[in-house]
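Q: What follows is each chain in one-letter form.
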Amino acid sequence: MIEVDSLTVRAGDFRIEDVSFEIPTGAYGVLMGKTGCGKTTILEAICGLKHVESGKIILMGEEATTKAAGDRGIGFVPQDGSLFLTKTVRDHFAFGPKVKGWDSERIDERIEELAKSLSVEHLLDRKPHGLSGGERQRVALGRALAFRPKILCLDEPLSALDEDTHGEMIDLIKALVTEEGITALHITHSRREAELIADFQFRIEDGELMAL
Amino acid sequence: MRGAATDRPFLAAMASLAFMYVLLILLMLAADAWYGFTAVTGGQLMEIFAEKSVRSSIILTLFSCTVTAILSIIIAVPTGYLLSRYNFPGKLLIDAILDIPIVLPPLVVGLSLLLLFNNFPPGSTSIETLLNKVGIKVTYNVAGVILAQFSVACAFSVRTMRNTFDQISPRTEQVAQTLGCSRAGAFFSVVIPESWRGISAAGTLAWTRAMGEFGPILVFAGAIPRKTEVLSSTVYLEIATGSLEKAVIVSLMMVTIAIVVLVAVRVWDRGNKLGLYYD
Chain A
1 MIEVDSLTVR AGDFRIEDVS FEIPTGAYGV LMGKTGCGKT TILEAICGLK
51 HVESGKIILM GEEATTKAAG DRGIGFVPQD GSLFLTKTVR DHFAFGPKVK
101 GWDSERIDER IEELAKSLSV EHLLDRKPHG LSGGERQRVA LGRALAFRPK
151 ILCLDEPLSA LDEDTHGEMI DLIKALVTEE GITALHITHS RREAELIADF
201 QFRIEDGELM AL
Chain P
1 MRGAATDRPF LAAMASLAFM YVLLILLMLA ADAWYGFTAV TGGQLMEIFA
51 EKSVRSSIIL TLFSCTVTAI LSIIIAVPTG YLLSRYNFPG KLLIDAILDI
101 PIVLPPLVVG LSLLLLFNNF PPGSTSIETL LNKVGIKVTY NVAGVILAQF
151 SVACAFSVRT MRNTFDQISP RTEQVAQTLG CSRAGAFFSV VIPESWRGIS
201 AAGTLAWTRA MGEFGPILVF AGAIPRKTEV LSSTVYLEIA TGSLEKAVIV
251 SLMMVTIAIV VLVAVRVWDR GNKLGLYYD
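Read top to bottom, the protein sequences are chains A and P.
Quick note: the first sequence uses the numbering used here, first residue 1, plus one each step.
Quick note: the second sequence uses the numbering used here, first residue 1, plus one each step.
Hint data in this document are derived by calculation from the structure and do not stem from the laboratory.
As the structure is a prediction and not an experimental result, all values here were calculated from the model.
The beta carbon of each residue, even a glycine, is placed where N, CA and C say it ideally should be.
Treat the hints with care, as some may be off.
For each label pair, taking beta carbons as the anchor points, the in silico distance ranges come out as [what the hints assert, rightly or not]:
{"id": "1", "chain 1": "A", "residue 1": "Thr178", "chain 2": "P", "residue 2": "Arg266", "range": "43 to 53 angstroms"}
{"id": "2", "chain 1": "P", "residue 1": "Leu92", "chain 2": "A", "residue 2": "Glu112", "range": "49 to 59 angstroms"}
{"id": "3", "chain 1": "P", "residue 1": "Phe188", "chain 2": "A", "residue 2": "Glu113", "range": "44 to 54 angstroms"}
{"id": "4", "chain 1": "P", "residue 1": "Pro78", "chain 2": "A", "residue 2": "Thr25", "range": "34 to 44 angstroms"}
{"id": "5", "chain 1": "P", "residue 1": "Pro78", "chain 2": "A", "residue 2": "Asp171", "range": "43 to 53 angstroms"}
{"id": "6", "chain 1": "P", "residue 1": "Arg85", "chain 2": "A", "residue 2": "Leu212", "range": "33 to 43 angstroms"}
{"id": "7", "chain 1": "A", "residue 1": "Gly12", "chain 2": "P", "residue 2": "Gly36", "range": "57 to 67 angstroms"}
{"id": "8", "chain 1": "P", "residue 1": "Ser124", "chain 2": "A", "residue 2": "Asp18", "range": "55 to 65 angstroms"}
{"id": "9", "chain 1": "P", "residue 1": "Arg85", "chain 2": "A", "residue 2": "Ala175", "range": "35 to 45 angstroms"}
{"id": "10", "chain 1": "P", "residue 1": "Val265", "chain 2": "A", "residue 2": "Glu112", "range": "56 to 66 angstroms"}
{"id": "11", "chain 1": "P", "residue 1": "Leu24", "chain 2": "A", "residue 2": "Lys34", "range": "53 to 63 angstroms"}
{"id": "12", "chain 1": "P", "residue 1": "Arg85", "chain 2": "A", "residue 2": "Thr178", "range": "31 to 41 angstroms"}
Among chain A residues calculated to face chain P with C-beta under 10 angstroms, some are [stated by the list, open to error]:
{"id": "13", "residue": "Thr66"}
{"id": "14", "residue": "Gly70"}
{"id": "15", "residue": "Leu83"}
Footprint (simulated), chain P over chain A, 3 or more residues, beta carbon under 8 angstroms [said to hold, decoys possible]:
{"id": "16", "region": "39-52"}
{"id": "17", "region": "72-80"}
{"id": "18", "region": "84-91"}
{"id": "19", "region": "166-174"}
Next up, chain A with everything else stripped away, as it sits in the complex (with noise of 0.2 angstroms):
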């Protein structure tokens, strides 16, 4: 479950307050709004990338608004995939694992599985350079899912992709999401993207935080 409370949060010039809405465990939530609305710094805040004014960040039933970004068991997509350049596409896959501290037979069988179920097993000895921007995107996605978190951000992860691959994605994150039992937090700016994956929708609209 993702449950915030009341949340203030302050990025730069930009403040946004008391924001409260909740994720059961398990579910797909959505949030929308217009590009500077404050989407990106509710779900940094979510992260641990953030620091927190005020209210409460409740995370699988914990308190965790000043846990670290590495100890809130948080999957996190970015907008544009941030891969890590000099990396290839099976390091990407074993980071969080390797910090995690698993052993290597388990790292190797979680890389082979993400491989499979992402369909990028003939990529893993690449780097991103050249990667597709649907191909980024997967990466990103094994990247994010490999320590097995509970809980997954998403930051418009497919606002970049053409309209086949966006549909593609779409059904990749659903399937790995359900499969893997994890509680999501996506955001975009597409109304159409929020009726095909979400289970719950959420909207900012003028500083206020709506449920659809």
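Fit chain P to the supplied structure of chain A, relying on the hints for placement.
A: Below, chain P alone, put in the same frame as chain A:
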């Protein structure tokens, strides 16, 4: 076709201006080489290389430039990173202070170091005296040569590293943090590998800049043969004593060393897996 035809004068003008500068550099080198080959006899060449002071100045140049480059990277990486990633009170001022060694006349840098180590704080024991008590000698010593080179070269490395970190998105570090890395872990596992080319450029710039440094070394460390004389001071001393032939030979030696260093770093950089972004 119209587009191609209208582009031509623009590209030709750009290329001509670029070529003029390249030509100036090549002509300067050609003039050195021409003078070296026509005016210097084989005997003079042997005489120069046989001189102990010249050999010692080559060794000191290679040693001091390498130490300066390493020290510059050690300081420039964290400084460039902090300036690129954080906003803090006084950042603009610190940014401007870091440019002072770039804009100051080199002789002033040397004079400032001389005063700092020998006349500061006023009316009490100088820094040089305190260091001498623990067996460290800086002014008119090898440490002074390195410090004089470092004072200027490091500023160039800091600029290079700041630009390098500016070009690396902080998002990748944030992703690494969500995957369990501390800030330091994200820095070493994600940022450093991606900034490898910048580090190598900052190191090369510091090295070559240190080799070309002359003013601050002369004022702060002197040009004592077989002690603090580096190749740039050898050139100066040879010109001052009217020995243009020797000055040209040493200059050509410096050009050769600079080219070897630049080529070696590029070859090493190309073969270094850490710095390769591509398959």
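Q: Now look at each hint and say whether the structure bears it out.
A: Okay, the hints, checked on the actual structure:
1. A:Thr178 - P:Arg266: 43 to 53 angstroms: This hint holds: roughly 51 angstroms between Cβ atoms.
2. P:Leu92 - A:Glu112: 49 to 59 angstroms: holds (52 angstroms)
3. P:Phe188 - A:Glu113: 44 to 54 angstroms: violated (28 angstroms)
4. P:Pro78 - A:Thr25: 34 to 44 angstroms: About 43 angstroms separates the Cβ atoms of Pro78 (chain P) and Thr25 (chain A), which means 34 to 44 angstroms holds.
5. P:Pro78 - A:Asp171: 43 to 53 angstroms: Roughly 46 angstroms apart at Cβ, these two residues keep to the hinted range, so it holds.
6. P:Arg85 - A:Leu212: 33 to 43 angstroms: Holds - the Cβ-Cβ distance for Arg85 (chain P) and Leu212 (chain A), about 37 angstroms, lies within 33 to 43 angstroms.
7. A:Gly12 - P:Gly36: 57 to 67 angstroms: holds (59 angstroms)
8. P:Ser124 - A:Asp18: 55 to 65 angstroms: Since Ser124 (chain P) and Asp18 (chain A) have Cβ atoms about 59 angstroms apart, the given range 55 to 65 angstroms holds.
9. P:Arg85 - A:Ala175: 35 to 45 angstroms: holds (37 angstroms)
10. P:Val265 - A:Glu112: 56 to 66 angstroms: Taking Cβ atoms as reference, Val265 (chain P) and Glu112 (chain A) lie about 39 angstroms apart, which means the hint is violated.
11. P:Leu24 - A:Lys34: 53 to 63 angstroms: With Cβ atoms ~54 angstroms apart, the hint holds.
12. P:Arg85 - A:Thr178: 31 to 41 angstroms: Given about 38 angstroms between the Cβ atoms, the range holds.
13. Thr66: Hint violated; Thr66 (chain A) Cβ to chain P Cβ min 15 angstroms, cut 10 angstroms.
14. Gly70: Hint on Gly70 (chain A): holds, closest Cβ of chain P at ~4 angstroms, below 10 angstroms.
15. Leu83: Holds - the Cβ of Leu83 (chain A) comes within 10 angstroms of chain P, reaching about 8 angstroms at its closest.
16. 39-52: Per the Cβ count (4), the hint holds.
17. 72-80: holds (count 6)
18. 84-91: With 4 residues in contact (Cβ-Cβ under 8 angstroms with chain P), the coverage given for the region 84-91 of chain A holds.
19. 166-174: Since 0 is below three, the answer is violated.
In summary, the numbered hints that this structure violates are 3, 10, 13 and 19.
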